[in-house]
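There are 2 protein chains.
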Amino acid sequence: MGTKSEAPWHTPVVESLRAGPGTRVSELDTNGTPGFEGDKALAERLLVERGAALSDLQGKLFANGRIGDPRSVLLILQGMDTAGKGGMVRHVIGHVDPQGVDHTAFGVPTAEEKRHHFLWRIVKALPRGGQLGVFDRSHYEDVLVARVRSLVPENVWRRRYDEINQFESEITATGTTLVKVAMFVSLDEQKKRLSERLERRDKYWKYDPSDVSERALWPQYQEAYQDMLDKTNTENAPWYVIPCDRKWYSRIAVTELLIDVFERLDLDWPDPTFDIEVEKRRLAKA
Amino acid sequence: MGTKSEAPWHTPVVESLRAGPGTRVSELDTNGTPGFEGDKALAERLLVERGAALSDLQGKLFANGRIGDPRSVLLILQGMDTAGKGGMVRHVIGHVDPQGVDHTAFGVPTAEEKRHHFLWRIVKALPRGGQLGVFDRSHYEDVLVARVRSLVPENVWRRRYDEINQFESEITATGTTLVKVAMFVSLDEQKKRLSERLERRDKYWKYDPSDVSERALWPQYQEAYQDMLDKTNTENAPWYVIPCDRKWYSRIAVTELLIDVFERLDLDWPDPTFDIEVEKRRLAKA
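One line per chain: the protein sequences are Y and C, in this order. Using our numbering, the letters of the first sequence correspond one by one to residues -19 to 266. Using our numbering, the letters of the second sequence correspond one by one to residues -19 to 266.
No copy is singled out in the list; a pair is fine if it fits within one copy or between any two copies.
Taking lysine to aspartate or glutamate and the EDC-like style, the derived pairs with C-alpha atoms no more than 20 Å apart in a straight line are: (1) Lys104 x Glu92; (2) Lys260 x Glu176; (3) Lys104 x Glu93; (4) Lys211 x Glu143; (5) Lys227 x Glu29; (6) Lys183 x Asp168; (7) Lys104 x Glu148; (8) Lys183 x Asp255; (9) Lys186 x Asp36; (10) Lys260 x Glu194; (11) Lys183 x Asp251; (12) Lys186 x Asp77; (13) Lys227 x Asp168; (14) Lys260 x Asp61; (15) Lys211 x Glu134.
Please keep in mind that the hints were generated in silico from the structure rather than gathered at the bench.
Could you build the full structure based on these sequences and the hints that come with them?
Shown next as C-alpha cells:
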C-alpha cells in the first residue's frame, strides 16, 4: 500500500497506527479499525490477496539473502494474553514461504536464560539476511512482566529501556528492519476469549490459570506498556499500536504494515552472478 | 489416508513409495505417479484439502507439545539439485501453522561446522516436542556429496552409515518420528529445470554453476544414493523414494506420507491440566 492511501483504506496504517507522544494506552479504542473503511468480509478477502503480495515481497528478500544481502525484517509481536499473537502468526505469516520465515516464541526464561543478560536469548534468535523473523513476545517482556511482577529490582528494569534502544539501534544499523507491534484487547474481550478456552476441548491447552491472575494487574500492565511505548518508540524502531478486539482488522493491518516495510526496501530480483550465455552453453553440453 | 487405500489412490503411499531391498536408483521411473489414479488438476485440488488436514493434525501435536508431550515429527528432504525440495517446503509445509514448523536448510558446512562431528549441526536443529521439523538436506549430505567429492577419506564416510543408524535410532526412541524422503528427477528433467533458471530473471538466484558440474558425476551420485538407501533404510527410520519429474505428484505424495505418520501418532486434544469449573468461577470474578 505504500504511504499513500488506497481503498478501502482512507489512511495508511503506517500513519494511523504509529505510536506517538499522544498515545495513551488507557484510552485506546481496542474495538476500532483505524484507517479502514471495509467490513470483516472485505478484510478477510483482502487478507488472501495481500498475504500473497507479502509472500512475493518476502520471496525477493529471500533471493537477495541467498546472494549475500544482509538485510532482514523482524516482526515483534507484543501483547497481553489473548491479544491474538498466535493467530497473527498463523493467519498472516502463514502466507509466507516457510523457507523465509524464522519464528521464535519466547516463554518464561529457562534457568540457563536467567543466568545470562536478558538480550542473550534474543540475539541468538535474530534473523539472518533474507529472512522474515517473527518474535512472539520478545525482550519487551523484560520491561513488562519483569516490571509488573518485580522479577528484577527496579534499577535493573529501569536501565533496560536504554539498553533496548541501544541494541535496536545496532541491529537496524546492520540491516534488520524492525516492525514493532503492540497488540491491545479490552478487559471484556479478554474475558470472552478466556471463557472460550474453557468451553472448547480444542482450546483447553491454550488456557493458563495464571492468565486470570494477571487480570488483577491490568492497570500496572497498562502503565508498563505506556512506559514501553514512551521510552522505546524511536525513529529507527517505531512502535505500531494495534486495536485487536476485531481479529480481522488486526490481521489485515499488520499485513499492510509488513508490506509497507518490504516495499521501502525497494527489492528487485538479484542480478545473475554468472555469465548467462556461458552457462547456457555449459548446460547444453552437460 | 492411513494404510488403506482411498480414491484417487489405489495403493497408500506408505506402501508404494517405501524403499526396499529391490529399490534400484538407476532404474527408477522418475516420471511415475505410484499409487495415484488422478491427474495434475485433481492432485492440485487435493493438495489444498489434504494440506488443511495436515495442518489440523500438526495443530494437535503442537497442543500436546505445549503440555509437555516430547513427540515431534522430522521430515528429511534429500535429493539432487532441482528435485524440488524448496517447492516441497513452500507448497506442502506452507499449509501448516508457522508456529509448529521448525525449518532448517543445510548448506555447505561452515568453517565452524567443519571443526565438529558431522552430526553436530544436525543435533542443534532437531525439533522440540510438538514441532514438525523440516530438514532441506541433512546429515545424508555427509554420505552423498562428501563421498562423491571425496571431501573426507573413504574410511570416514564408510563408518557414517552406522553412525547415522545409531543416531536415528536414538532420536526415534526419544519421540521423534522420522520421515525420510529421497527425491529423484531424471537427468533430462534436471536440464529442463536448470535451463529455466537461466531464462527467468526471478530464477537466476537459484542457479549455481556448480550444479552443472555435478551432472557429470550423476552415476557416482546414483551409486551413493543407492548405498544410502541400502544401508540406512531401517525399520524405525525408513526411506521413501519419490519420483519428482511431476511436481504435482511429489507434493501430494509427501503430504499423504506426513498425514499417515501423524495419524499413527493417534493424537487427541490434550485434557485440561486444571479444574474447568473452578476456573470458570475464578474468571467470572476477575
